[in-house]
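What follows is the residue order along each chain.
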Amino acid sequence: MAQVAERYVGRSVLRKEDGEFLTGQARYTDDLSVPGMVWMSVVRSPYAHARIKGVDVSRALAMKGVVAAFSGSDFEWAGPLLMAWAVTDDINNPPHFPLAKDKARYQGDGVAVVLAESRGLAADAAEAVVVDYEPLGAVTDMEAALADGAPTVHDEFGTNRCYTWNLTNGDVDKVFAEAPVVVKQRNVIRRLIPNAMEPRSIIVQPTPSTGQYTMWSATQIPHVLRTAMALATGIPESKLRVIAPRVGGGFGSKLQVYPEEALALELARKLGMPIKWTETRSEGYLATHHGRDQIQDMEIAADEDGKIRGYRMRLKANMGAYLRIIAPGTPVLGAFLFCGCYGGEAYQAEITGVFTNTTPVDAYRGAGRPESAYAIEHVVDALARRVGKDPVEIRRMNFMPPFDQPTQSIGGLMIDSGNYPATLDKALALLDYEGLRKDQQARREAGDRKLLGIGFSTYLENCGWGPSKIIGNVLKYAGGGWEAATVRCHPTGKVVVVTGTTPHGQGGQTTIAQLVADELGVPFDDVEVLFGDTDIAPNGWDTYGSRGNAVGMPAVHRACQKIIEKGRKIAAHELEVSESDVEFKDGKYSVRGAPDVSRTIASLAFSSWTAHNLPEGLEPGLEASAFFDPENLVFPFGAHICVVEVDSETGRVEVVKYVAVDDVGTVINPQIVDGQVAGGVVQGIAEALSEEAVYDENGQLLTSSMTNYELPAASEVPSIVLDRHETPSSTNELGVKGVGETGTIASPPAVVNAVVDAVSHLGVTDIERPATPERVWRAIQQAKGGGGQ
Amino acid sequence: MRHIAVTVNGTRHEADVEPRTLLVYFLRETLGLTGTNVGCDTSTCGACTVLVGGQSVKSCTMLAVQADGEEITTIEGMAQGGELHPLQKAFHEHHGLQCGYCTPGMIMASDSLIREADGPLTESDVRLGLEGNLCRCTGYHNIVQAVLAASQEMRAGSSA
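Order-wise, the sequence lines are chains S and C.
With this note's numbering, the residue at position 629 of the first sequence is 629, and numbering never jumps.
With this note's numbering, the residue at position 121 of the second sequence is 1121, and numbering never jumps.
Pulled out of the complex, with its shape left as it was, chain S reads as follows (with noise of 0.2 Å):
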C-alpha cells in the first residue's frame, strides 16, 4: 500500500505544471500545426469610422501563395457573435459579425480575410487588398458621444446609448438632503490594454467527410466558445472540438469570442482545409478587447464625525464599437460594491454604457470591481480629509461589523463572512505606521524633496461567478454559473480528475490534485487533472471571475465524496458488515472497533473494474461526476497599505513598500494564493502609475504596441510584504473564496491614495489616473498656484 503523507490542502505544494513550461516541452496554440493548413491574415479598418464603398481582392489574389481572400459581403452568418449579457430589457444591442460589411466602426475592425501558404505571404496578401472607405466622423470620447449631434456608432440607434442601469436601496435623495457632509469626487478610470503574455492564436482542423472540426484556440473559455461557434456558424456543438492547449495569460482578454475564431472556423468549412492565425501584438492593441474605462460621479453622504450614511454614484461606462460577449454586464460586476466594506441607510447606482469609436471594452482582471473599489475607497480618504481624520480612523468607525453568517449590506449583497479590521490589523503590524506617519511630517517640516505618503485599501468584492439563479434572475446574465467535475479511479488507483474549469496559469492542476489527493488518500502524484478540451472535460463554464477555485474545487468536492460513498458500499460488502460500520479515513475502510480489516480506495478501485464480486445491484467502476451550483457568490476582502515617495521637483512615483493582507477563505497552497496576490498588485500598481490606452480625437489609438503603452518592469516595481487572514467562506462547505482578482481590485486605490497623501499639504485634493510624472508635477504646480497647465 502507498505511503500517504500528510494532508495536501493548506501547504505549498510545489506546482505539477511546471516541468513542461520549465523545459520549453508545453505547447501553446502558436506552437501547434496541422498538415495542409493554411494563414489567415485580416485586413483592418485603419480608421475608426468609415463607409466601406469597395473592397478589391483581385490584387491578393493574384499573388504567389495566395489561396483565397474573401470581403465581407462574401459570408452569411447563421447568427452573430454571442453577447451573453443584455443587463436592461431594452439596452441597445447592435448584433456583430465577424467583417464589417458597410461600414468600419474602430481602428482595427476587420473588413477582409486572406489565406496563404505562409505567415508573411498572409500578411503580405493583406497589405495588396484595396478597400475604398469614406472616412466619417469618430467619437472617442463617452460625454462627446452622448452630447447631441455626435456622430452616431450604430445610426439604427439614433443615440451612443447604450442602456442605463439603476438600483437604489434607501431614500437616497433624503438621506444626502439631510447629510451635514457630502463629499464628491470625478474618477476617470482610464482605458487598459490587458497584455496576456501569449498573443492569440487559432487553429481550425475540419475533417470535410464527416463535418467534424476540431478548433484550437488560445481562449479562457472553450465551452462557452463552442456553443458560440455553433450559434454564430450553424456547425452543430457535437460537431466541434475546442481545444484550449496551454494558455499564457488571460485576465479577461481571452474571455471572449472573437471574429477571428469564427472566421477561421467558416473559413475551414467554406475551403475544407485547416486554418491558422496568430495576431502579433500590435495587431492584438486594435483587436483584443480592452478593459476598465468608466467615468465616475461619486458622492458619498455622512455626519459631521465622518459616519456614513449614503452613496451615490453615476457612471458612464465605455462599450467601444460593439457589444462584446460580457461588455455591459461588467460594469455591473462592481455595481453593489460602491459602499465597499462600510455601513450605511442609503445606496444607489446608475451605469449608463456608451458606444464609441474604439476597440470593444470588456472584461479585465477584476471587471468592474477594482473601479468601485476605486470609487470607494479614493472617497473615504476624501471624507477623511474633509473631517479632520486620520484615513484608519474613517475606515474603522465605518467597517460594517465582524460576522461569520450571511449578512445583508446596503448595497444590496449578502454577503458570506467578513471581519474588515482583523485584516486591517494584521496589514498594520506589518509595517511602523505610527513611525511612518512622523517621517513624512519631518520630511515635509524640513522641506524634503522627496515627500512620504501611505494609502490604504480596505476593500470588499464579489466573485465566484454563479450562482446560476441570481446571475440569470436578478442580472439577466444569459449563461450559467455552475461548475463540474469528474473524478475516476483507474484500476491500479491511479485518478483522473477532469474539471469543466480551464486554468491558465492558476495552478488549477495543483491545488485540485491537493483536494483529492487528501479527500481519497492518495499520493498526490497518483491525481492527473485534466481540463481544456471540450471532448474530455465536462460541460463547465471555464475560469474567469475568480470563480476557478470557488465554484470548480466545491464540484470536485462532491464529486470525491460520492466516490467514496460507493467505494463503503464495496467495502462493506468485502469486509461482510453492514455500511455503517464502516469508517473512511486517510483513504482507508475500516471496520469500527477492527482497524486492521480494512480496504484502500486502490483495492476497492480494482474489485470495482473487474466487478467480479459487487453489492447486488452496484454499478461497476469507481467513477463519479458532480455538478455545483453555488447559492451565493463569495466576498474576498482585505487590507493593502502602500508607501510612496513622491519627488517633488519631477513628480516622480516610487512604491516603497506595498503590504496586502487578504482574506480569501480556506487556502488551499499558500504558496499559490501568494503569487496570485502578488502578481494581482503589480498589474494594479501599473495601472494607478503607468498604463494607460490612449486615442486620439479621430480614433487613432496612440499607445498602439508594447512601446508606448507602459507596462511595468520589474526594475520599477517592488516587492510585495503579504500575509493573510482565513474566514472560510459561508458559500461552499470547503470554506473557499476567489483570489485571482483581488490584487488588481485592491491595489489603485491605495497606491493613489498614497501619492495624494503625500502631496496634501501642499492642497492637492486630488490627482488624476494614472498618476504619471506629468500628472503629480501638474497637481503639485497647480495647488502651489503655479498654473501648471
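None of these hints come from the bench; they were simulated from the model.
Among the clues, some could well be false.
What the hints assert, rightly or not - Stretch-level coverage of chain C by chain S, calculated; a stretch enters the list once three of its residues show a Cβ under 8 Å from a Cβ in chain S:
| hint | segment |
| --- | --- |
| 1 | 1004-1014 |
| 2 | 1031-1043 |
| 3 | 1060-1071 |
| 4 | 1096-1103 |
| 5 | 1114-1121 |
| 6 | 1131-1139 |
The beta-carbon is built from N, C-alpha and C at its ideal position, and this holds for glycine as well.
Once you've looked at the hints, dock chain C against the given chain S.
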C-alpha cells in the same frame, strides 16, 4: 534563399532560409524548437530570449542569416542529462511562473545575467537586469526570488 549552418543546443543544423526570416521563427518553425516564445513585435517583451555565443539575445531582433556559424542555446538545451538547470529548479521552487509564457525568456536572460555578473547579485541587480523581460502574471516578485536563489547556487557551483 540563403544557406546557413548553426549549432543549436549542441546539434549542428544546415538550412536554406528566406533572408527576412527572424531567428525566432527559424528556431520555432524550421527546427521545431517551440519553447522559445513570441510575445510581441517590437522587441519589447523578451519572451524570445535565447543565448547566442553565450550571450542573451532577443531572437526577434536577429535574422536567421545573421546567426550563421553561431552557437545557440534555447530553453530546450538548459536541462542536462535529465537534471534541471539551477534556474529551472529555482523557478519551480519559488513559484516563479504562472502561465509559463515568459518563463523560457526569463530563464535565458537570467542565465546570462548571473554568468556575466562580477559578484553576487542583489535584488536591484536582478530587477534592473531583467528590465527587458516582461511578465504579466507574477508581478516579478517570485521571479526575483528564484533568480537570486539560482544565482547563489550557480556561483557556488562554478567556484567548487
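Against the structure, the hints come out as follows:
Check result for the segment 1004-1014 of chain C against chain S: violated, 0 residues qualifying (beta carbon to beta carbon below 8 Å, three or more required). Coverage of a stretch by a chain is defined here by at least three residues with a beta carbon nearer than 8 Å to that chain's beta carbons; for the segment 1031-1043 of chain C and chain S the count is 10, and the condition holds. As drawn, the segment 1060-1071 of chain C meets chain S at 0 residues by the rule of a beta-carbon pair under 8 Å; below three, the given contact is violated. Residues of the segment 1096-1103 of chain C with a Cβ under 8 Å from some Cβ of chain S number 7, which satisfies the need for three, so the listed coverage holds.
Residue count for the segment 1114-1121 of chain C with a Cβ under 8 Å from a Cβ of chain S: 0. That is fewer than the three needed, and the coverage hint is violated. Figure legend: the segment 1131-1139 of chain C, annotated as covered by chain S; annotation consistent (9 residues with Cβ-Cβ distances under 8 Å, at least 3 required).
Violation of the numbered hints given earlier is confined to hints 1, 3, 5; the remaining hints are satisfied by the structure.
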